[in-house]
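Q: Here is what each chain is made of, one letter per residue.
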Amino acid sequence: MSLTDLTVAEAGAKLRDGEASSVDLLDSILDRASMTEAQVHAYLTIDREGAHEAAGKADADLADGIDRGPLHGIPIALKDNMCTRGVETTASSQILAGYVPPYDATVVQKLRDAGAVIVGKTNLDEFAMGSSTENSAYGATFNPWDIGRIPGGSSGGSAAVVAAGSAFAALGSDTGGSIRQPASLTGVVGLKPTYGTVSRYGLIAFASSLDQIGPLAKSVEDAALILEAIWGHDPLDATSFSGAYPDPGAGLDRGVGGLRIGVVEELAGEGYEEAVETGVASMVSQLSDAGAEIVEVSLPTFEIALSAYYLIAPAEASANLARFDGIRYGHRAEGATTEELMARTRGEGFGPEVIRRILLGTYALSAGYYDAFYGQAQKVRAAIQEDFARAYESVDVLVSPTSPTVAFEVGARTEDPLAMYLSDICTIPSNLSGHPGISIPIGVDGQGLPIGFQVMAPALGEEVLFQAAAEVERLAAFSDKPELAEVAS
Amino acid sequence: MSWEAVIGIEVHVELTTDSKMFCGCAVSFGDPPNTNICPTCLGLPGALPVPNRVAIESIMAVGLAFNCEVSPRSVFHRKNYFYADLPKNYQISQFDIPVCHDGYLDVTVDGETRRIGIERAHMEEDTGKSTHLGDGGRIHAAESTLLDFNRSGVPLVEIVSRPDIRSAAESRAYAQELRSIVAELGVSDARLEEGSIRFDANISIRPEGVETLGTKVEVKNMNSFRSLERAVDYEIARQISVVEGGAEMIQETRHWDEEADVTHSMRTKEGLSDYRFFTEPDLVPMVMSDGWIEEVRATLPELPAARRASYEAHGLESDLAEVLSAAPKELRNIYYEAISDGAAPKAVANWLTGEVTAWLRRNEADPADMSLTGPHLGELIAMVEDGTVSSSAAKDVLQGVLEGEGNPRTVAESRDLVQISDTGALEEAVLGVLGENPDAVESYRGGEKKVVGFLVGQVMRATQGKADPKMVNQILTEKLEG
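Protein chains in written order, with our numbering: chain Y, 1 to 489; chain E, 1 to 482.
These are calculated hints, taken from the structure and not from any lab test.
All C-beta atoms in this analysis are idealised placements derived from N, C-alpha and C, irrespective of residue type, glycine included.
Check each hint, because a few of them may be wrong.
[To be verified] Below, in silico cross-link-like pairs of lysine to any residue (SDA-like), each with a Cα-Cα straight-line distance of 25 Å or less: (1) K79/E with Q376/Y; (2) K379/Y with I92/E; (3) K79/E with L341/Y; (4) K395/E with P367/E; (5) K79/E with T338/Y; (6) K57/Y with D24/Y; (7) K379/Y with V287/E; (8) K14/Y with L62/Y.
[As the list claims (entries may be wrong)] Which residues of chain E face chain Y? A few of them, derived with a C-beta cut under 10 Å, are: (9) C38; (10) D274; (11) Y275.
Work out the full structure, taking the sequences as your base and the hints as a guide.
A: As structure tokens, this is what we get:
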């Protein structure tokens, strides 16, 4: 077994047994990346120097008896919308080409404090807007399971490095499913924690009320270990939760005996691939066999969640992305006046999907349209929260497919934004409610492409979420790995 | 036709908190450009705002001072517009739920007091500062523009009056009263010339007796109370002549030109600007509990209007009460010390607003460094009353006290200003003068009684002004009649 196949927990054990050093782990990752990157193109930046320095320090610290916990010495990748001091951060946009932040995002600082080794920055849909990682100014990322297919998005780069073994784990961000959907399409675990539990300070905002950082990992346990390292109250984020946090690892071995599991009726039927539906149904019956009580639950507002999302997220984005004007940083176009300079900078610097969403959001907030669009969408959001609350009166967790389909072919949906937007139909409700959701791989379809299973829980319900997810992982016993050709770059 | 002016005033007050509204950068004026900046106030990708508690307490204090309601829950909004010195290209401001609403300010012009409604006071952040280089500093022809973000994110309170103001004089009185309250609260430098308090006026006219509002014009760039008054006067006259000339008023923003004494059109507002306000998702609603509001209320100082009222209750005329209420805090403290010592309020107030203020001005002295105390002033007034010093000598005694020579009695003695009220010494002086002026004595006895004034003057001269003139007069009359 190669080092790159290890989970975070296993690699940590090897480090402490003295069987491998952090530098060994890093070198194995970098070797693997030199083979996989030519096919997958998941990294935008690999910080060899910084990573080697951090790995060396992790080894020295461990030798001195300083152990910073489960992530100590573990090479981890970051989605390129998280600011890293001294390392280029682009959000996959031309407008931020060459931009080097002067500060670390809170999650980056927390990873460093936990002894993690930051390998590099992964590709995404520009400003996290997309579901395929094709909307990147620096080229698409491909799915390690089939490089003719997309890895999902927008955290497609982070999903792909974990699937391909070119990082032990990665952080992504999830605004409408951007962690869970690519995790599903690449056969890894992806978690969106409760809104407000992981600081957004230093995350380049897409839609502030929906964005949440979370881990992509090889196992449910790894996801819990990373979550514990990155979450917690942050005085730099006014929306950060300051109360008592749950213990995500507490119920990992508890099983699902007596747990009430709700199957969401609305997340099935037309548009769902048969293999996905069969896989999910089979997992539900295994959960039932394992002692869970299965309840069919209807959340009617889920039918209109997508429409509300595509008003709220672009509206917030239209303001969040206004700062990219060429005045203080990033790309700058020439212009005879300040207005012309700004307009040209933005016209040149943003890709078509970003421009589409800025226009959509600007329109939704405009005088005379606000009530019909943005105002209405906020009402739908409140109704979705009520629907969830009602459902959680009778169940502990909700389950559904993570994505209606397995990974689709490169280019299949680029010309049809609506088809692309439907990729997130199962994941968007949790963003609108602020609740946690996790995707766990449960098998492959007839073409050998991974299928993901989503578990959702109420706000701060991470303990029961992980309890159920761990059982799903045990029942699925999914151990397939993508087979990439041995091509050196 | 006779016209009525309808005026509303918007005031921006820059708070002097230690740190900015949404980050930890220092609020400091006059520092080298771009030295008090961080990812948040520069609008760097990923940076987030965190509200400043002291700034929120300051706006609560402002609202309470203006008799406003403090909202139990208040929300920040984003106001979207592109401008080079607005780093995020949106301003964090407030929209439909401001921190304070529905207050008022009583304003007196020519003895008539009117209540001006205050619609709201809300919290927002200031922008950076643009300096246009080349072509006289105007934006359109500038060769380049320098941006300084030290001011970016400085907390601003915007106070919006209702359209209750009816004249230029009232506009000025409102602005002055508002400024003095803000200064008194200590939440801002409130200096017009430095722009830490800025006034914009919304002006329209309508025929007398009509209730509906006319087309309003916003006038900006008044940097003194005098220019505010003149700009409002000018604009009212301009609007009347436009309408009487048969033309339509257009809704626009006009710029007051201090040199030319006129307003110029800046931009025409085609309906309302669309700022696409929406709730700031990076911030949670502010919750102002009753307990917190009361805590802030307890810190409010006595405000000028309340002070005026209590001075009048002490028996001061309204003019004197007005002047004293606007005097520096140190003088007002002396006032209270002296009257609680038993001194007559009116005499104390006259000394403080007259001689003491004049001395401070002459010497460019800071009242905080003054060696005069309330008991000193009480003592000085008592010395005048009991004839120890004459009222003219008392001014010299005060000067000595202010110059640190000691208490009034010590100064009167060391400067040799104590009145001679010893009958024997005065008699001696009187007899001397009578002996030297036989002609005057002759005239008096011949019926020319007014010559006594000349003789009193001679005695005062002989005693170097220290004699008590009343006693001199009395003794002289006795001797001449006798």
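Q: Tell me, which hint numbers fail for this structure?
A: Of the numbered hints given earlier, the structure breaks none, since each of them holds.
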